[in-house]
Structure formats: structure tokens, C-alpha cells
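Take the given structure of chain A and dock chain B to it, following the hints.
Protein chains: 2
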Amino acid sequence: MKPILKTGSNSFQLLAKDRETLARRGILRTAHGDIQTPFFMPVGTNGTVKTLSSEDLQEMHSPIVLSNTYHLFIRPGTAVIKKAGDLHSFMNWHKPILTDSGGYQVFSLAPLRKVTDEGVQFQSHFDGKTHFLTPEEVIAIEGILGSDIMMPLDECAPYPCEPEHAQEALERTTRWARRSKDFFLSKKIAKDRQLLFGIIQGSSFKELREQSAKAIVEIGFDGYAVGGVSVGEPVSLMFETLAWVEPLLPEAQPRYFMGIGYPDQMVRAVAAGMDMFDTVIPTRFGRNGSAFTNCGRLAMRNAEYIEDFHPLDEDCRCIVCQKYTRSYIRHLLNAGEILGLKLLAYHNVFFYIHLLERIRQAIEQGTFKQFHDNFLAHFKPNSEGAL
Amino acid sequence: MKPILKTGSNSFQLLAKDRETLARRGILRTAHGDIQTPFFMPVGTNGTVKTLSSEDLQEMHSPIVLSNTYHLFIRPGTAVIKKAGDLHSFMNWHKPILTDSGGYQVFSLAPLRKVTDEGVQFQSHFDGKTHFLTPEEVIAIEGILGSDIMMPLDECAPYPCEPEHAQEALERTTRWARRSKDFFLSKKIAKDRQLLFGIIQGSSFKELREQSAKAIVEIGFDGYAVGGVSVGEPVSLMFETLAWVEPLLPEAQPRYFMGIGYPDQMVRAVAAGMDMFDTVIPTRFGRNGSAFTNCGRLAMRNAEYIEDFHPLDEDCRCIVCQKYTRSYIRHLLNAGEILGLKLLAYHNVFFYIHLLERIRQAIEQGTFKQFHDNFLAHFKPNSEGAL
Numbered sequence: 030m031k032p033i034l035k036t037g038s039n040s041f042q043l044l045a046k047d048r049e050t051l052a053r054r055g056i057l058r059t060a061h062g063d064i065q066t067p068f069f070m071p072v073g074t075n076g077t078v079k080t081l082s083s084e085d086l087q088e089m090h091s092p093i094v095l096s097n098t099y100h101l102f103i104r105p106g107t108a109v110i111k112k113a114g115d116l117h118s119f120m121n122w123h124k125p126i127l128t129d130s131g132g133y134q135v136f137s138l139a140p141l142r143k144v145t146d147e148g149v150q151f152q153s154h155f156d157g158k159t160h161f162l163t164p165e166e167v168i169a170i171e172g173i174l175g176s177d178i179m180m181p182l183d184e185c186a187p188y189p190c191e192p193e194h195a196q197e198a199l200e201r202t203t204r205w206a207r208r209s210k211d212f213f214l215s216k217k218i219a220k221d222r223q224l225l226f227g228i229i230q231g232s233s234f235k236e237l238r239e240q241s242a243k244a245i246v247e248i249g250f251d252g253y254a255v256g257g258v259s260v261g262e263p264v265s266l267m268f269e270t271l272a273w274v275e276p277l278l279p280e281a282q283p284r285y286f287m288g289i290g291y292p293d294q295m296v297r298a299v300a301a302g303m304d305m306f307d308t309v310i311p312t313r314f315g316r317n318g319s320a321f322t323n324c325g326r327l328a329m330r331n332a333e334y335i336e337d338f339h340p341l342d343e344d345c346r347c348i349v350c351q352k353y354t355r356s357y358i359r360h361l362l363n364a365g366e367i368l369g370l371k372l373l374a375y376h377n378v379f380f381y382i383h384l385l386e387r388i389r390q391a392i393e394q395g396t397f398k399q400f401h402d403n404f405l406a407h408f409k410p411n412s413e414g415a416l
Numbered sequence: 030m031k032p033i034l035k036t037g038s039n040s041f042q043l044l045a046k047d048r049e050t051l052a053r054r055g056i057l058r059t060a061h062g063d064i065q066t067p068f069f070m071p072v073g074t075n076g077t078v079k080t081l082s083s084e085d086l087q088e089m090h091s092p093i094v095l096s097n098t099y100h101l102f103i104r105p106g107t108a109v110i111k112k113a114g115d116l117h118s119f120m121n122w123h124k125p126i127l128t129d130s131g132g133y134q135v136f137s138l139a140p141l142r143k144v145t146d147e148g149v150q151f152q153s154h155f156d157g158k159t160h161f162l163t164p165e166e167v168i169a170i171e172g173i174l175g176s177d178i179m180m181p182l183d184e185c186a187p188y189p190c191e192p193e194h195a196q197e198a199l200e201r202t203t204r205w206a207r208r209s210k211d212f213f214l215s216k217k218i219a220k221d222r223q224l225l226f227g228i229i230q231g232s233s234f235k236e237l238r239e240q241s242a243k244a245i246v247e248i249g250f251d252g253y254a255v256g257g258v259s260v261g262e263p264v265s266l267m268f269e270t271l272a273w274v275e276p277l278l279p280e281a282q283p284r285y286f287m288g289i290g291y292p293d294q295m296v297r298a299v300a301a302g303m304d305m306f307d308t309v310i311p312t313r314f315g316r317n318g319s320a321f322t323n324c325g326r327l328a329m330r331n332a333e334y335i336e337d338f339h340p341l342d343e344d345c346r347c348i349v350c351q352k353y354t355r356s357y358i359r360h361l362l363n364a365g366e367i368l369g370l371k372l373l374a375y376h377n378v379f380f381y382i383h384l385l386e387r388i389r390q391a392i393e394q395g396t397f398k399q400f401h402d403n404f405l406a407h408f409k410p411n412s413e414g415a416l
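Sequences listed follow chains A and B, in order.
Going by the working numbering, the letters in the first sequence line up with residues 30 to 416, in that order.
Going by the working numbering, the letters in the second sequence line up with residues 30 to 416, in that order.
If we strip away everything but chain A, and leave its shape as in the complex, we get:
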């Protein structure tokens, strides 16, 4: 058996635990600055959070941006970003960056793929070119990107799937996680305080989730991600899965609930002990004409907003809500103006970031349970149509 290497960082500091829920309040220290936990990560798949500039993200105090190794590997390619310095320089974002490995994208986007223990062969969804990526290469790429928080290559089983398939995928994920960590340490990929997380798979099978969590925690990482969730399973099953895994996660490391979710789901996941979240929902829904508020979603193309001169959200302090009315934004959407999409994306991302800020304050003040109950009582998750 290989020696269990420690990544050696002491990057996370737990500041407080809620008394009534599993909510936690902490600080995650990265090479590009400290992040207060729990926090939300706007998704910048192609090295840009859709419609927003890095100045916009600065202005709304985004603590971090998530980007995607698979997409950047395909376009513009690692060589371009290496010549730019790193991804921070390339996209002019000098706060922390987490890079997803691309495992999920290989399994969801690539038209042809072949998985072996060595790695994964796939065709680019962009130009059909065939690529082969190993766990080591993914870490090497993330090193070049200058990622503050690296995710290793994993195999994400679809939902639903047979337990045999889920087991195979989680065991390969575990072997790849070990290789990723070995490579991360032995090749001195990691610069000062670069972090590597482990990803827990196992689909919606309790035993497999527990097996995966134990194996990944045994290897030892700077943080732990619950992957393979929000892939089509019922929401109740997603939270059940979380409840199986959470007790097995060490208190001293941050926990990342991958690809989650609606605002109410984030509030619930914080109560279930999670610290980190990402989803394309605020930008994607913005581009679809939806605005998030504490009451749920508003479909801003609707005729009811034609002469509505209120801000998107009366309670919101973002610049869009300070400066523009629902009527104007509805007009922009109706006229097909890009600014309408941008203003909605801006507000929605601000709403998500600020929601996590409110959650942190509530935990600090010992009122998180009350905040949680109150938020869930008012927020209508799918008030106007499904995801």
C-alpha cells in the first residue's frame, strides 16, 4: 500500500459551530486571500462569469470565482494561459479561484468517451478533437492555471444507475484521488498554500457513499467535496445523501456541496454542515429573464412588470436594485437588449453572495436556525416553473 501523504496545509480555521444545526462558521486561507465560510462561488466556466466583468465581481465582493479545467483545456488551451502567467492574470481576477477538474464535464458534455483506470479519453464538445486526460495531467493543468483550490479528476455516475456501476465509479474516483494527491505532492505542483480537495462519489447508495467518504478522508485532503449530487435525483434524496456523508467528514476541513443549488437548498445545506457552494443558476436564470428575491423567482418578461417601477428586490443593496426598475429591465428583455441579461445576472449573483453573507451573520449571532426557518417559510423554490 502506498504511504498516505498529507497535503500538510492548515488552511481552514473553524470559528464557530451553530448550537441548533450543523452550520459552521470559519475561514479558509488561500494563496489569494482568506475566505469567510460558508460562501458561494460564482461559476466562470470559460474564465468569465457569464455577462459579468471581474470589476463587477469585485464590486459585489465576490470572495472567489470557480472555473473549469475541462473548458479551459479545450479553449483557449493551457499554453495560452501559461503564457499569460496564470488564470488570475488571464481573466484579471486576483482573488481566489477554485478549479473544477472537468470530470463532470467529460461525463456530461463529451460526445464520445472511454474511461480506463489510466484516465479518460474523450472528444472535445467544441471541435470533436480527441483528448486523453489522466488524473496527473489534470493536476498539472490546475497547477498551470494557478488554481487556489484544485479538484481532482473523478468519475461522476449518472442518475439513476446500477449499484455496480456506482461502485466501479467511486472506486476509480478513489484510486484517481490517491494518484492526484501523490502527483500534487511529489511533483511540487503546489505553490505556497495551493489546496487540493477530495471528491466523494457513490451515487444515491448509502453504503457506497459511506465507503467513498471513508476512503477519501483516509487519503487526506485540504477539503472534502460531495460530488455526484444534483444530477437529476429528487431533492429529498440529495439531502439524504448529504446526511449519510456529513458525519464521516472531519470537522477541521471545509466541506463543498458541488453544484448546489437553489437559494433554499443552500440554506438547508448550510444547516446540514456544508461550507461551500457553486451553481450556474444565478447567471443562467438571469439570462432566462428570472430575478431572485427572498420570496422566490420573478419572471421579469411577464407583462405585470411593464409599469412596475420598483427595484427587482426591495431588500437588495446591489447597484442594479439601487439604479434600475423592473419596468426598465422588462423593457430591455422585451427589446432583446444584452444589458437586460447582464443586470439580472448581476443582481442574481449578488443575491447569492449576499445570502451567504446573511447566513454567516446569523451563525455568528446564534440566530441561524431562526434565519433558516424564516427563509424557507418565505422562499418559494419553484414559484414560476421548474429548473
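Mixed in with the good hints there might be a few duds.
Identical copies carry no separate label here, and so any pair may be met within one copy or between two of them.
Pairs of lysine-lysine, DSSO-like flavour, derived with a Cα cap of 30 Å [said to hold, decoys possible]:
#: 1; residue 1: Lys124; residue 2: Lys352
#: 2; residue 1: Lys143; residue 2: Lys235
#: 3; residue 1: Lys352; residue 2: Lys112
#: 4; residue 1: Lys158; residue 2: Lys112
#: 5; residue 1: Lys111; residue 2: Lys352
#: 6; residue 1: Lys46; residue 2: Lys398
#: 7; residue 1: Lys235; residue 2: Lys398
#: 8; residue 1: Lys111; residue 2: Lys143
#: 9; residue 1: Lys46; residue 2: Lys143
#: 10; residue 1: Lys143; residue 2: Lys243
#: 11; residue 1: Lys124; residue 2: Lys46
#: 12; residue 1: Lys111; residue 2: Lys243
#: 13; residue 1: Lys111; residue 2: Lys409
#: 14; residue 1: Lys352; residue 2: Lys409
Read the hints as simulated data drawn from the structure, not as lab findings.
Note that the coordinates shown come from a computational prediction; the quantities given were computed from them, not determined experimentally.
Same frame as chain A, but now just chain B:
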């Protein structure tokens, strides 16, 4: 004959005249602030300069925004903007606004139209609804919009056209101009310092242009616009037309060369005595992937920029050129990201606004002729494809 009413404003102050060219330096005083002339007006057809927010326009010191009566009348409709207060409130832009009358749009966009002396009947290009607008109604709408500089309804002859058609259009334009002014004054549409300009037509016929200029100047307006240019005629003919009209324009009013044009054309038009310019070129070309520099246009989608880590324009002080590289912008365009279009539009509009600022400085310093010659020597007007 009707009495010739004076609009009575003394809104324009001529500060200096160039000794070597017809270039002028002045101040145009409006209800929403003074504008240093000559100046460029970013085009916000639908109440938004495409891809840019009013904060963006503030940040780049845009002195004014041009919007369009026809488009706003169609969408969202005058009633909505009236309830919002005015167009300034609706679009959150509190500096001056010039509103085009929509004459050009009725003649270029509306699928079916019928022009009589009373006004123009047309179908909306948006939903096919039939509308009828008179010169008086256009002024009334512009009053509701709270326009600082109103353009009256005119008839823009196509290019090429028969002299009979051109004469008919210019004479109708003159009659409409008089009715517009009568209505503007008699109905007390004008709030403090709202201005009304006259539009000179006459296609590319010297006698008709002179006839139109004399008739419009005789009516008397706060400024004079040369309309019906840049409608497909050769550039040399456009400047010839300008040379016919300019000597007939009073020195004491601002002159607006409508819908012009490329950067080199603006420099030439300033030398020919013009003060005001508008065109969709900087935003439209931005959305097409082009960046303006002192040397001409760069087609940013080209492969040559893949690893070019310079700013769009080394000489530019705009935030895009301070923060982002050609390589990154090329990547955004290649990946279909909206931010790429926005960054190019931002830079291009900044380039236009700043070019007029440089022109004003050169006039003040008595070096405009040198600036003019130098700019035209370096700027390649159609370096990479036609308009």
C-alpha cells in the same frame, strides 16, 4: 404666412475657431448640463447603449446619450416612460439626451408606410401594428421623454433618388419643421432650456441642399442638423454635400452631422465645421468583434491575437485597456461569451468619446490641423473589411 417664431434660447456659446480649418470649439448648454463641443453621442436606440449600463457611460465620461423616439414609441410606449417620469429616470441617465425623431427609422425600418402632408402612417417593425405620427405628435412625445435636444420629424430621401423625389421630401421636411417649431412653442412643450433642432435634407443635389438649408435656417432653430447623409452615397459625395451646406449655417448655433461615422470621417467633419456626431459603429462593430485604434480596426477574432497579451490599444486609458488583454478578449469572443462583446463596445465607445476630447484639446491649442493630418495619415478607414 405664419409668423416666424424664435425658440428664444441662447444655448450655444462659440469659444474659439480654428485658424486653418473650419473647426469650432464651444459649449452647448442643456437642461441636464453643459456639453463641450465638438462631441460624440453614443447611440442608445432602445433607451440603452447596446451592452453598456448608464454606470459604464458615466465612467467613460459620455457627455450625452442619443435615443430614438420611433423605437421608444413602439417599445415600451410613451405611457410607460411618462409614468417613469421621463426617459432620464426610465434609463437612469441624468446627463443630456438627444432624441432622434424617428423619421429615418420610419423610412428605413417600417415595412409599410404612407406619407402625406399630415404625417406618416407606418407599421411597427416589431409587431406589425399600424401607427400614424404627425410632426406635432413627435414633438409631444419628445416632450414626454424629457429630451434635452429634440429632432423634428423629417422625410429622409433614399440614395440614389430622383431630384423630384428629393425636392418633394425636403419641402415636406421644411413644412414639418415649421409645424414642429410652432407646436414646440405654442403648446409650451419645452421645459426650461429644452432645445429644438432643424434638419436639412436635399439628398446629393447642390441646389436642393442650399434650398433646404436656407429654408430651415429662416425658420430658426437652436441648432442645425445635416440629415440624409451616410445613406449609401460615396464618402466623397457626403463631404461635398457638407461643403455645400456649411456656409449657409449660422455660426452662432451648433451643427450636427447626423449618423456619422468612422473615426476619420468625424475628424474630417470637424475640420469642415461640424460640432456633433452620432453613429452605432462603435457598439455594432464591438458586437462584430472589432476594436478601434488610432491605426484603424482590429478584427479581434483573428488567430493572430490568441497569444497577444497587449491591451486592445496601447494608447488607450479606458478600463478595458487597463485590465484586459487581446488574448483574453479573443478567447471570450471565441467562446461566445457576452463579456467579449461588452468589453469591445466599451472600448470603442470610449475611443470615440476620447477622440472628440483630443479634437477639442487640439482646437484649443491651435494644433487641430496637425492633429487632423496626423490622424488621417495613420488611420486606415477600412483596414479589415467594409462597413
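Structure-based check of all given hints:
1. Lys124 to Lys352: both (27 Å within a copy, 15 Å between copies)
2. Lys143 to Lys235: This pair counts as within: shortest intra-copy Cα distance 27 Å, inter-copy 73 Å.
3. Lys352 to Lys112: between (40 Å within a copy, 17 Å between copies)
4. Lys158 to Lys112: within (23 Å within a copy, 55 Å between copies)
5. Lys111 to Lys352: between (39 Å within a copy, 18 Å between copies)
6. Lys46 to Lys398: The answer is within: 12 Å in one copy meets 30 Å, while 72 Å across copies does not.
7. Lys235 to Lys398: within (27 Å within a copy, 80 Å between copies)
8. Lys111 to Lys143: within (28 Å within a copy, 61 Å between copies)
9. Lys46 to Lys143: This pair counts as neither: shortest intra-copy Cα distance 44 Å, inter-copy 74 Å.
10. Lys143 to Lys243: within (27 Å within a copy, 78 Å between copies)
11. Lys124 to Lys46: within (26 Å within a copy, 51 Å between copies)
12. Lys111 to Lys243: neither (36 Å within a copy, 65 Å between copies)
13. Lys111 to Lys409: neither (45 Å within a copy, 34 Å between copies)
14. Lys352 to Lys409: within (26 Å within a copy, 40 Å between copies)
Checked against the numbered hints listed earlier, the structure breaks hints 9, 12 and 13; every other hint is satisfied.
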